[in-house]
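All chains, full assembly: derive it from the sequences and hints.
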Amino acid sequence: MTDHFNQLTSKDFMSDQDIRWCPGCGDYSILANVQRVMPDLGVPRENFVFVSGIGCSSRFPYYMNTYGMHTIHGRAPAFATGIKASRPDLSVWVVTGDGDGLSIGGNHMLHTIRRNIDIQILLFNNRVYGLTKGQYSPTSQIGMYTSSSPDGSIDHPIDPLAFALGAGATFVARAIDVDGAHLQQLLRRAHDHPGTAMIEILQNCPVYNDNEWAEVEDRKSRIDAALVLEDGEPLVYGSEGHRRGISLHDGIARVIELKKDQDPIAAGVAVHNEAYQTPAYAFALASLRRPDFPLPIGVFRAVETATYDALLQGQVAGAVVKRGAGSLHDLLHSGDTWTVEER
Amino acid sequence: MSRKAPGKTVQQLESVAIRFTGDSGDGMQLTGTKFTESTAIAGNELSTLPDYPAEIRAPIGTLAGVSGFQIHFSSKSVRTPADHPDVLVAFNPAALRANIDDVRPTGMVIVNSDSFTAKSLKRAGYAEDPRPALRDRYAMVEIPLTRLNREALKDLDINMRDADRCKNFFALGLMYWLYHRPVESTERWLESRFKGSVLEANLRVLRAGYAFGETTEILPVSYIVPKAKIQPGVYRNITGNKALAWGIVAAGELMQTDVFLGAYPITPASEVLHEVARYRHFGVKTFQAEDEIAAICAAIGASFAGELGVTTTSGPGFVLKQEALGLAVMAELPLVVIDIQRAGPSTGMPTKIEQADLLLALYGRNSDSPIPVIAAMSPGDCFHTVIEAFAWAVKYMTPVIVLSNGHLANSSEPWRIPDVDTLPRPKVGYWSDPETFLPYARDPETLARPWAIPGTPGLEHRIGGLAKEQGTGNVSYDPRNNEDMIRLRAEKVARIAADIPPIEIDGPGSGELLVVGWGGTFGAITAAVEAARQNGKAVSSIHLRHLNPFPKNLGSILRSFDKILVPELNEGQLVRLLRTEFLVPAIGMNKVRGQPFLIEELLARIDEMLSEETSP
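Same order as they appear, the protein sequences are chains A and B.
Quick note on numbering: the first sequence equals residues 0 to 342 in numbering that gives the first Met the number 0.
Quick note on numbering: the second sequence equals residues 0 to 615 in numbering that gives the first Met the number 0.
What the hints contain is simulated information worked out from the structure, not anything from laboratory work.
One or more of the hints may lead you astray.
[Unchecked claim] Chain B residues, not near chain A, derived (Cβ > 12 Å throughout):
#, residue
1, 118
2, 153
3, 350
4, 444
5, 537
6, 597
[Unchecked claim] If you want the footprint, here are the derived chain A segments under chain B, 3+ residues with CB under 8 Å:
#, region
7, 101-112
8, 319-326
Glycine included, each C-beta is placed from N, C-alpha and C at the ideal position.
Structure below.
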């Protein structure tokens, strides 16, 4: 390994390709922040692999000056699994969207997460199909009018993080495309997490679903619309003079109005803990919806368990220790053989 | 154990075909497999055909639950499991009913007379006991197998159910006596597999069956099939699926590169996954994916990362893999896809035989996306075919499709174990020089692009399914570039013909009739053509392993014959290709019954072709 990555900057992670996202697309901000984080991760540039499926977000690898694969619709997690399982030394990132990752690719998403293979999944959620021109997606809200739902969508949406938690995800987080500092923090956490790390990034599609996340993207309204999760800190949000907290009992969340200087914990506000073994707590957080509740951002869950790639490597290494390195001659001659002599 | 009891005669036969049949819970596949091993050790040439129902546990005693295993062995060359068994062993009335019509007239029929109860006759759909009528037509050997088996175990501490489950080994012991087969390999196998009372019971009934043969008056004659003249060497039995699995392991060893197998369980391909999974100590990784698509995608990912990616499947799964295969064509990555064809369409008859995925392999993807195709022609050939496919994949940077079928997968043949030192060792070279690197630069000879794997400094690049600019590999919508690239990829595959040895003709190099086969029908076609020539007919045959590209001398061979017959277990796929490619008047002979060709039906068609005035 060389140490030249120490001198790398975000520019070294920009490819020479023209970026072809629409003006104002949230993807620009996400790309810039990913490029900013890369030099700090302690990984040589040649060891990064970005893998994507199909969709606007899936053009991402072309703009990263790393190894990259722009694959087929919905299957990026499966390609990434093959890359990481065969080469655990690589840092593998999947870039996907709500359509690619949760509709056509829902099955791969589920199984990749449950295997806990050590990759990062960045799911850009703009709640609409962009590349195919504006149809409703599996995260679109019911009643949404689109080209394929002129009378309003009648599909009940899925929440990406609830989905991930249901699959047993060991690291689940939510970020906002334009909140760069927070996004970078989560990208680092995801990279450091051993196992599948899923970040839902709320992303604006200015053409087909503009302002879907405006409440939390706007710095001012975000204070009341978003709940910033901090490990060990009470679930408190809201502007000065209108502080509120979230209590959780029997899986049911309630908003507690806090008086000035009132101790939130004493008032019954829950304290955030990323490390609960049960996913029930994180699931309750993932169920918080606007407008009754703030939208939580940050790390919902971070627990450690064995990764698929480490277990696989362990089995291979263990088999060599136990049986010695394989001999082809011995394999071909194993079991019953017989010799036909020259006559 | 004495070879021959006093008062019994021994008769010599050139060849025998036996079919073991019973309920799927009666252990017929195991019985057949053990008889096969023993026969191979006895030095005969042999060919086998297992035939089992798709249902794991069909209702007991019904026709749907009948499982069979046929073995044909000889002192001469054996090409097929034989059209008609000489001997039928039937464990119950349903097995008798399902198989009796296949038995050679006057052949021997061995039945378990204890199983002919009113209830089991009814389950088999017999209105009355069929045995009296059959006694006139066949040599009926009626043995109270259940009672004899229980008798042999009466002082052993074992319950009735477990005791009855051993009766296949009683019958096996009897058959070993009847055909002078050695019992030692089966005893060794039992000792390695079982212990305690189960081992004791199986050993005991195996020997009891043998002893019963020696003493019973029901069987006055036993048979010897002398050793065949076989090329010297060390042999073993191998099924096509085991040979595929070992070929996968061998490719990794020979190419000094780790193998990554992505697979999803599917009949009849699952055994390859099971077998390869046992060899982690070769550095081989197996990944049981969530579906067929993930299996191939993970394998492509591993190839991108520098390993030998491979995926195994059968028809319906092969269809699901086509989109990812198209990506492998565009990304120009090495990959081996093994399709063990089964009878279709749709789910079809999963345990039955067909070779109808050829056009799917060649044309099953959107747009023009040529992929080399090799079809194995015998169980042992599956081993070499996989190694050849990996060699092409890496040398030409392309996915390669291997076609096997359910017949090759499960049938076994004695296989001369190759000397590891004589096996090819295809070279794997990763690109390393950043100065001269272009992701889609091409080797002037092979047109392969460089294999540049993650972890190599200075070679960071992106590949994907969007159209690629020549050289740089950047996304390009340039019309001319796209056409050039499509033609370059086709030319790359066409150039593989340089690595294909010329086809050898079985028989004269020109004449009236040429029979052209491909893949798993080799045995039947060759046997039929040999038989026709023995009958004085002027007929030659060729057998294709390489379906894309074709061997270079194929066209000139085809044009050297007046008539061309193309027997296929499909509705006419290779025949279309030959007619289209070479403008020859090839005629198809097609069978889609889920069964292999019979030699007699091929012979009849050959005779018919030779008696026709002109070729159409």
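* **Coverage of the region 101-112 of chain A by chain B (three or more Cβ within 8 Å)** => holds (count 4)
* Is it correct that the beta-carbon of residue 537 (chain B) has no partner in chain A closer than or equal to 12 Å? -> 33 Å, holds
* Interface exclusion of residue 153 (chain B) relative to chain A, criterion Cβ beyond 12 Å -> 32 Å, holds
* Asked: Does the claim that residue 444 (chain B) lies off the interface hold, with its Cβ farther than 12 Å from every Cβ of chain A?
  -> 27 Å, holds
* Is it the case that residue 350 (chain B) keeps its Cβ farther than 12 Å from each residue Cβ in chain A? -> Consistent with the label, residue 350 (chain B) stays out of reach of chain A, its closest Cβ about 25 Å off (over 12 Å).
* Asked: Checking C-beta pairs, does the region 319-326 of chain A have three or more residues closer than 8 Å to chain B?
  -> Since three or more residues must qualify, the claim that chain B covers the region 319-326 of chain A holds, with 6 doing so at under 8 Å.
* Asked: Looking at residue 118 (chain B) again, its CB stays over 12 Å from all of chain A?
  -> Per Cβ check, residue 118 (chain B) is outside 12 Å of chain A; nearest 40 Å; holds.
* Asked: Taking C-beta pairs only, is residue 597 (chain B) more than 12 Å away from all of chain A?
  -> Holds, since 29 Å exceeds 12 Å.
In terms of the numbered hints stated before, the structure departs from none.
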